[in-house]
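Based on the hints, put chains B and C in the right spot on chain A.
Chains as they are written, first to last, in the numbering used here: chain A, 191 to 624; chain B, 191 to 624; chain C, 191 to 624.
Fair warning: there could be bad hints in the mix.
Residues from chain C shown here face chain B by an in silico Cβ test under 8 Å; the list is partial [what the hints assert, rightly or not]:
hint, residue
1, Pro553
2, Lys554
3, Pro557
4, Trp583
If you want the ones that stay clear, here's a sample from chain C, every Cβ over 10 Å from chain B, calculated [unchecked claim]:
hint, residue
5, Gly206
6, Lys236
7, Glu324
8, Glu428
No lab work stands behind these hints, which were simulated from the structure alone. Glycine included, each C-beta is placed from N, C-alpha and C at the ideal position.
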Amino acid sequence: MEEINKYIQNSSETGGEIYNLIEELFPICRSITGNGVRKTMDIIRKHIPLEIHEVKSGTKVFDWTVPKEWNIKDAYVRNSKGEKVIDFKENNLHVMSYSVPVHKTMTLDELKPYLHTIPGNKDRIPYLTSYYKENWGFSLTQNKFDELCDDDYEVVIDSSLEDGSLTYGEYYIRGELEEEILLTTYTCHPSMCNDNLSGVALITFIAKALSKLKTKYSYRFLFAPETIGSITWLSRNEDKLKNIKMGLVATCVGDAGIKNYKRTKFGDAEIDKIVEKVLMHCGSEYYVADFFPWGSDERQFSSPGINLPVGSLMRSCYGFDGYHTSADNLCYMNKDGLADSYKTYLEVIYTIENNRTYLNLNPKCEPQLGKRGIYRMIGGGSDYPFDEFAMFWVLNMSDGKNSLLDIAYKSGMEFRRIKYAADALYRVELLKLV
Amino acid sequence: MEEINKYIQNSSETGGEIYNLIEELFPICRSITGNGVRKTMDIIRKHIPLEIHEVKSGTKVFDWTVPKEWNIKDAYVRNSKGEKVIDFKENNLHVMSYSVPVHKTMTLDELKPYLHTIPGNKDRIPYLTSYYKENWGFSLTQNKFDELCDDDYEVVIDSSLEDGSLTYGEYYIRGELEEEILLTTYTCHPSMCNDNLSGVALITFIAKALSKLKTKYSYRFLFAPETIGSITWLSRNEDKLKNIKMGLVATCVGDAGIKNYKRTKFGDAEIDKIVEKVLMHCGSEYYVADFFPWGSDERQFSSPGINLPVGSLMRSCYGFDGYHTSADNLCYMNKDGLADSYKTYLEVIYTIENNRTYLNLNPKCEPQLGKRGIYRMIGGGSDYPFDEFAMFWVLNMSDGKNSLLDIAYKSGMEFRRIKYAADALYRVELLKLV
Amino acid sequence: MEEINKYIQNSSETGGEIYNLIEELFPICRSITGNGVRKTMDIIRKHIPLEIHEVKSGTKVFDWTVPKEWNIKDAYVRNSKGEKVIDFKENNLHVMSYSVPVHKTMTLDELKPYLHTIPGNKDRIPYLTSYYKENWGFSLTQNKFDELCDDDYEVVIDSSLEDGSLTYGEYYIRGELEEEILLTTYTCHPSMCNDNLSGVALITFIAKALSKLKTKYSYRFLFAPETIGSITWLSRNEDKLKNIKMGLVATCVGDAGIKNYKRTKFGDAEIDKIVEKVLMHCGSEYYVADFFPWGSDERQFSSPGINLPVGSLMRSCYGFDGYHTSADNLCYMNKDGLADSYKTYLEVIYTIENNRTYLNLNPKCEPQLGKRGIYRMIGGGSDYPFDEFAMFWVLNMSDGKNSLLDIAYKSGMEFRRIKYAADALYRVELLKLV
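Same shape as in the complex, but just chain A:
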């Protein structure tokens, strides 16, 4: 898996490509079902051969039921002068997701209970949903709301809520082993970038890179609506769960903030140790949070009956300034941040792929490295052509139980440094793979 380094080295360039994909997906009005999701999948399929699944409305998925499919053509509020004072075509956040069809004339007072704003941030449109209770509503900025005067308003939501299906995409890469790594992201949010077109685009490019590499583990990429999508996938794939070794949920990975890792519920699972080791040596600031049982789809993967070690590697965590509003737009995206997220995910995968456990074949005292050509020849000086410190750690700890990651932790050294030392020792047959 040294070939992945090529992708890591090109991450800066890839940051731009990820941004371009976000830009292409931005205008589409997505929800947990509907044609917006299908359009999104079509675009992703230009990069990776996503397999599309459609699950019928009414299907029972654990405690939940797949809802009706929602589609929307247009929506507006028009005043008596014929001016659209709220217009879905300007910003699809203006309509509460899953709004039922409406066509009536209402006074301002009648309309007000259906209008939602953020009084404390007067220029942002809030993002609202009502998936499981029939309802309708408009979101708008407080500024626009304040300009509305008494009038008779024509209120139109040209939507449909009918039996249909829930759409999700899946891409599976078979590696040398059946054991698999699960990388998921969610596709249900309309025109917002960090949450979560950034995750969608990042996972697309990670999958694209891995599709060109020979991997030890198998990889599964899941693009599904949040909550109901992961629940649907889990309820249909219980037989596959035994193969999942670890996973990550990708969300909020495109902004300029520092990297932010939310641990699995176990707190010290292999994926936790891997991500934290990568972050420790990443050279920039980061934050690690313990698991909490809300947030994104790690909630479902971590429920006591599923219990998978799934963490979430983000930049600014959900709840950032502008979260779930029109402020989470293309301006909030940062190409360097996207590139760094891409690089970090690849470093994590590099570590997953290379975390082997060896047995020292010369366990009694140190082997004589010099006669094998991997040790300095003049003692006492300070000229160290070989990384003997890392080699000594690997030799000392390779009792068949400690992995290279364990050795990296104990020594305080970067995983790669330990890995390269192990490679050198393996080449001269001082190590055996366990």
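What follows is chains B and C alone, placed relative to chain A:
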């Protein structure tokens, strides 16, 4: 056990009642045996139906022997002018506890070896005892000592040290379970308040409150002389120890200082976790100390052959300024401190009673809380009518092994918050009691 | 083992004697083999009856082979005026250890690749070796190097590298038990003091002291060349390893720096806890480092196929300013540092010898210490003739599993204080040895 909240809410008022009981008990001259203890028990019995036990002098109790009973009518030192320069009737600390009878005339020089003062605190009378070696003595302030002139002094201790018995009181409340909680305090100190009329009075009122409630656990309240009393009780009740789930020793609970918890010898027993969780959220400063094998009766409960998880929840720990002197008087008592100690003990009992373990009956992914009416209906906003964060913690961790207390610790939330969330989930049949 | 205290009390005087031995050994040119080592052993044998072992060149020792024996009579570089510009007789560091014989005339340019200096410390001669590759070289100060002018130089190394043997010394003291404590030091360094004549001389005097005492454990002292010496010993004594309970490598123990303990690979072995407890109460500053798999012979003892709990108790760790140069000379030695190292090693041995585990024979409640004459007779005061606090800790924790060291840790008390309390309790038959 939500009814206990009524007592918690009224703790401020109860603080005053506890103070009144201390005031009533203050003048009595107690020791490890004798009529002062019996008088004390009679007064406590006005509040709770204490069962009184008398254990004969000479009875073997483990390595110890119940000593002779000591009683005292009067004691003084009178100068040649007929003035009582030391008078037991002024303060019963003037006489060393267990002083044998004396009636002789002595010069000052002869008397001096029997006079005890605190040179560094000239206005305090020290509290001294000589239970296990026949001896006699007077305590007085250094100031008074300094005024004594050469003279012939009449020295009188009108005491008796004879076969009799050791008196202790016990009150047992049978709960739903045979498993019991032990709350002990000691009754052997003469006129000193924080050590330990505060403990005696507090436990009286805790027992009074619990006597009116239906409890899950049984409760045993022990009022006995320190050391010899708890040893006596333990030696006579070895068969009961298997039922004791945990316990607390109440002492020094009446002053204005911060709360102070001395852990059990185990350091992380359930009672430790409960008391510390209550303290964490008490809103005021507190201190937690690891176990040390001196102090009060937790020494006996923690001996290697008894090994019970018994901690001690105090305010200013023994050794406070004025400890074991006449300065530990009614002025040292603080009604707010007493009220807060009462409230804290009740909060601990609330937590003991409600610390259940549940099993999530819908373990695969999250259950749909909305369809059960315990979840907000519009997503994305910030209006949270239900405590979904606490509910998510309970659902995520209720695998039949984690108790509500464990969940409270992991989540960082107050125990009550977790408990109420579990109640809500239990009502809609998402949880089963383990 | 209270008799060891006499040696501890005299440590200041012994510091001077250790210094004198260093001074006597300093001029000798040692290497990993050769007559310098033999001469060193002869001098040590004036203090302790060291058994000398000779292992033939060519002997296989695990992955290594005992090298040819190296001896040197003289070496110099002489300019055309007949002046010795580099002279082995002035300082034996001038010749790279294991230099093959040389006799030729060379220009400065031809000679330069064989000259080694420390450019950043112009007045120090570096210490260099080439044990396993035939090579030769001279070390000199940068200052001297800078003075060399173009000339024809006569280059002479009058050495021999021939089949012979590797010499090591061993001294074994049989104690009451077969279980043994291993104390090792290395003898291969030429004229340098802290590294490692300080270790050689210290271990000599520790062995000298123990030879006069009756010990519980057996003690083995090893004086061997670093790396190849300990490997040789280990390969010839595999059957003895099962008896080794713990060990220490003595090196760099003679300077004025603070004490420095490098933990065993286990990190919490008994020797780690003992040394750290001694250091905690030593009254001066110290440092504790986790194990790392380079340094001295603890590397070999800690290899995965040997796995012995061997730490290293030093003062300034290798790598100190002047390390492996001519600056590590007699001026770098400090008699107080030597005395303190000696004292500390003896305190460690005192703790090893006395770390017993007892069973409290009166486990139910506290025993009545007063009736056994080991408790104050008047309660309440502050006169504590007996160390009841330490006795309470011993009684409380002596359940047959906790050692005195465990009790010392839990109580925060010095090991001696706990040991003396246990002695008092043992005398009155309250404890039984486990």
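Do the hints match the structure? See the list:
Using the Cβ-Cβ criterion of 8 Å, the hint placing Pro553 of chain C at the interface with chain B is satisfied: the shortest such distance is roughly 3 Å. The restraint placing Lys554 of chain C at the interface with chain B holds, with a minimum CB-CB distance near 4 Å, inside the 8 Å limit. For the restraint placing Pro557 of chain C at the interface with chain B, the shortest Cβ-Cβ distance is roughly 4 Å, inside the 8 Å limit, so the hint holds. For Trp583 of chain C, the interface hint holds, since its Cβ comes within 8 Å of a Cβ in chain B; the closest pair sits about 6 Å apart.
The beta carbon of Gly206 of chain C sits about 43 Å from the closest Cβ of chain B, which is more than 10 Å, so the claim that it is off the interface holds. Every C-beta of chain B lies more than 10 Å from that of Lys236 of chain C, the closest at about 51 Å, which supports listing it as non-interface. At roughly 62 Å from the closest C-beta of chain B, the C-beta of Glu324 of chain C stays outside 10 Å, upholding its exclusion from the interface. The Cβ of Glu428 of chain C sits about 41 Å from the closest Cβ of chain B, beyond the 10 Å cut-off, so the non-interface label holds.
Violated hints are absent here; each numbered hint is respected by the structure.
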